[in-house]
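Student: Position chains Z and H against the provided structure of chain V, taking the given hints into account.
Heads up: the sequence lines are chains V, Z and H, in that order.
Quick note on our numbering: the first sequence kicks off at 1 and runs consecutively.
Quick note on our numbering: the second sequence kicks off at 1 and runs consecutively.
Quick note on our numbering: the third sequence kicks off at 1 and runs consecutively.
Hints listed in this document are in silico derivations from the structure and should not be mistaken for laboratory results.
Do not take every clue at face value.
[Claimed, not checked] No more than 20 Å apart at the CA atoms, straight line, and that leaves these computed lysine to aspartate or glutamate pairs for EDC-like:
no. : chain 1 : residue 1 : chain 2 : residue 2
1   : V       : Lys214    : Z       : Asp266
2   : Z       : Lys257    : V       : Glu274
3   : H       : Lys181    : V       : Asp339
4   : Z       : Lys257    : V       : Asp276
5   : H       : Lys19     : V       : Glu166
6   : V       : Lys251    : Z       : Asp266
7   : V       : Lys251    : Z       : Glu267
8   : V       : Lys105    : H       : Glu187
9   : Z       : Lys145    : V       : Glu274
10  : V       : Lys217    : Z       : Glu267
11  : Z       : Lys245    : V       : Asp276
12  : Z       : Lys245    : V       : Glu274
13  : V       : Lys210    : Z       : Glu267
14  : V       : Lys121    : H       : Asp281
[To be verified] Per the computed footprint, the stretches of chain H lying under chain V, defined by three or more beta-carbons under 8 Å from a beta-carbon of chain V, are:
no. : region
15  : 169-177
16  : 180-186
17  : 198-209
For every residue, glycine included, the Cβ atom is placed at its ideal position computed from N, Cα and C.
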Amino acid sequence: MWHVILRVLKMLDEDILVVKDLKKYYPIRGGLLLRIVGYVKAVDGVSFNVKYRETFGIVGESGCGKTTLARTILRLIEPTGGEIYFEGENILSYKGEKLKDFRRKAQIVFQNPYMALHPRKIVRDIVSEPLKIHTDLSKEDIYDRVLEMLEKVGLSEEHMFRYPHEFSGGQRQRIVIARALILNPKLLVLDEPTAALDVSVQAKILNLLKSLQKEFKTTYLLISHNLSIIDYMCDRIAVMYLGKFFEIASKRDLFKRQLHPYTKALISAIPLPEPDSGRRERRIILRGEVPSPINPPSGCYFSTRCPYAQPLCREEEPRLEEVDEGHFVACHYWRELEDLG
Amino acid sequence: MEKLLDVRDLRTYFYTYRGVVKALNGVYLTIKDGEVVGLVGETGSGKSVTARSIMRLIDPPGRIVGGNVFFEGRDLLKLSDGEMMKIRGRKISMIFQEPVIALNPVLTIRTQIIETIMANRDVSVNEAEEIALELLEAVGLPNPKMIMKRYPFELSGGMAQRVFIAMAISANPRLLIADEPTSSLDVTIQAQILDLLNRLMEEGRISSMLYITHDLGVAAELCHRIAVMYGGRVIEFASTEEIFKEPLHPYTRSLLKAIPRLGYYDELYTIPGRVPDLVNPPSGCMFHPRCPYMKDVCKKEIPEYVEIDNSHYVACHFAGVKDVR
Amino acid sequence: MKILDKWLMEHKYKIQDVKLMMNMIRESFLAKLGLTIITMFILTAIFAPFIATQDPLMQDLTNRFQPPSLEHPFGTDHLGRDIFSRVVYGSRISLMMGITVTLILFTIGTTLGLIAGFFGGAVDEIIMRITDIIMAFPSLILAIAVAAALGPSLLNTMIAIAIVGWPRYARLARANCMQVKNELYIEAARAIGVSNLRLIFSHIFPMIISPLIVQATINLGGVILLAAGLGFLGLGAQPPTPEWGLMVSEGRRFISRQWWISGFPGLAILLVALGFNLLGDALRDILDVRMRR
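Next up, chain V with everything else stripped away, as it sits in the complex (with noise of 0.2 Å):
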């Protein structure tokens, strides 16, 4: 009994989800023979830990790596360096059956809901799909549970029998939580999942998603490139660049307190209902475009576009760093930065 409890409040204080330095480069051939002539460094390195029940968000711009890193943790991109420790384990060396349970206790729900769903089976099998798969309960069992699932992210009996093609954008992304979560994951990455939906239906899933987590106690990791939405739905955020982590911090801290460059210039640069606020005169607008992975800057990436960047930038590579409780940040000026004002 007390075993239980201790382990209880380990876990509560403990890390689902350790990442050391993780890599994932795509090689590059070409030339005659094909030799491999250089990497798409999608992801170069990041390292996190994420706390049992929360939401932890990963914010960056297209071609940050986010989308590689998710796909990366899971497993289902292979990485090319680097550690996961999930629930204390390292999930590199599942094989066969340690490997199919670990995708029982960690799911995805990804951007696309057009696209996510079996266009030729119906919601029931492709709902009940993971139950078949890791468990062996009885066809009535199955549908009692799928039933159960559907009424929870809002769809109905009658909805079982349906093609994918005939619900809506919204609709079918609920399918795809209901799909997720039917086995009860502890993890629950989710990558940009309304950016294929309007403002109204994204409001209705990122409700669904808050109360789910709050029902089963799931662990999410959010992708996002929007940083409102981020803020609504995340405890800690980390800001992705070039397949690296320029800052991490809890949610208040982040948007109280940048401490990083380019997260001052993303938080800028969002566009705020908010007619005659000003913020467009204090814009940091970025110089430039993102560089190439194949190719990225020397030093630190950042470097060709900061508007306060300074030799040593394009000289060393800034390390990511504990600067104060729990807020991390690569940048060899931060603490000029944060002077300056």
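Tutor: Relative to chain V, chains Z and H alone:
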């Protein structure tokens, strides 16, 4: 001040095998010289169709079936094809959402931009080339000569959009229609493009703009006035400030409440129900099945588009009813 | 919910599809023609004993070389046998060969193609090289070689055609598999923990079945044609079996004056091959529309 653009009761229908899709069923819009008007709405509300109807770029099975589009005093819908062609690209030009796709993939930027310039202005090839270089610089591209040699797929989204903007302003149009030009771009790149558009307006290269977007934040920043569309109709049209501070139409209010905003963590307001079916729209007011204030009359009569306050137009039976916000 | 209701809902789309297919066929003259020919062919094969007027093997040397008449609608051959009855019974052979071989081709070809497409790498390379080799030869020549090597018989013909024919299915299956493999719903299935086997047969296969069926239908005609060709060359059925190709071959000597001996079996081959081609084309059109839905 004279109205540059005055759209009245524009109707565009699409005749499909499923039935008649009433994509636009009463669009009212006015733009004055030097003004930026935003056209806001969700998918299926008819924003893009409005833009294309104004430019008379509606192909079968679509047809503009009614209304007027007065531009500089003349009804564009009554012009001949030839006359309309003279206006398109010269007096009214347009930029689109996915610039890389909208450009011709097999031609270099140089070819396309010179072609555009020469089609809309009476200049020689050499003159056009000079103008092109100047324009590319004006839109903030760092190395115009190199960009000219490139193909569209070699450009990033942001760069391609700048090229597109350069082409669109090459004839100094009086009205620029921007159809979600930054929706497919990253937020920092979007910031660059919005900054560019502002600058071009200040420099006088763009006179007036119709900016179409689903992002209320962008509309708030860029536009003087905003028109909100729902189910193919403009249901509210007012100054930006009034739209955000005193929205009169229930849909506008709902939309504003449904957006996640920085620092706001309560449950998001959700609009019940679904987007209306444009083939079989709801009777009376299109929004009535989802409206929190719905009464009987809303089911029976289509609300008229009327001016409630000074230049604040709404199409609602109960516009101006002070209710819980 | 009542069981019948559930079943109806679950299969609602399949029922709708069939109705749609019927409508589309009804609208296309060529499709109707193809379907008619095939139906007649199949019915003839099934009800051969009732349709044929005489014993196809029975010789009547007093009645040789009779031109087409009421008693012998297709005339008689050099041994006095009724050609009409022989053609009718021949349809059984052709149909049986066609269906059997096509089923084998479909199964082997699809499975190998799916495996090659799904796993890639060395497995893919090996299978593709084999298909390359087989496809490098003109099918008829290769079939002849195999049939000749195995010895002339109906069974060996079928084996020969099967060997020659599976690469095309494998290629088609592989190409489609590779395309479908990268779709999001497949990745989603993998994320759930679906095993490779289940992925291939439960997720990917249903998506590629349409083009394969079209291919199979068109191919059926080709198989029958090929079988007839081998029969013509004497590598297939042996006399006195009323196999159409063999019949054409037997009548070759008499073609200038007793054209009907080769003519009618030849016509049968032509019609059946045509019928399957038309039907296959129509199916392709129908399935295209369905996919676009």
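Student: Taking the hints in turn, state whether each one holds.
Tutor: Results for each hint:
1. Lys214(V) to Asp266(Z): Within the cut-off at roughly 14 Å; holds.
2. Lys257(Z) to Glu274(V): 13 Å, holds
3. Lys181(H) to Asp339(V): Given pair Lys181(H), Asp339(V) is violated - Cα atoms ~53 Å apart, limit 20 Å.
4. Lys257(Z) to Asp276(V): Satisfied, since the Cα-Cα distance of roughly 19 Å is no more than 20 Å.
5. Lys19(H) to Glu166(V): It holds: about 19 Å lies between the C-alpha atoms, which stays within 20 Å.
6. Lys251(V) to Asp266(Z): Cα-Cα ~15 Å, so holds.
7. Lys251(V) to Glu267(Z): 17 Å, holds
8. Lys105(V) to Glu187(H): Cα-Cα ~17 Å, so holds.
9. Lys145(Z) to Glu274(V): Violated, because 40 Å separates the two Cα atoms, which is more than 20 Å.
10. Lys217(V) to Glu267(Z): Holds, because 18 Å separates the two Cα atoms, which is no more than 20 Å.
11. Lys245(Z) to Asp276(V): 11 Å, holds
12. Lys245(Z) to Glu274(V): 9 Å, holds
13. Lys210(V) to Glu267(Z): 9 Å, holds
14. Lys121(V) to Asp281(H): 27 Å, violated
15. 169-177: violated (count 0)
16. 180-186: Answer holds; 3 residues pass the 8 Å Cβ test.
17. 198-209: holds (count 4)
The earlier numbered hints that this structure contradicts are 3, 9, 14, 15.
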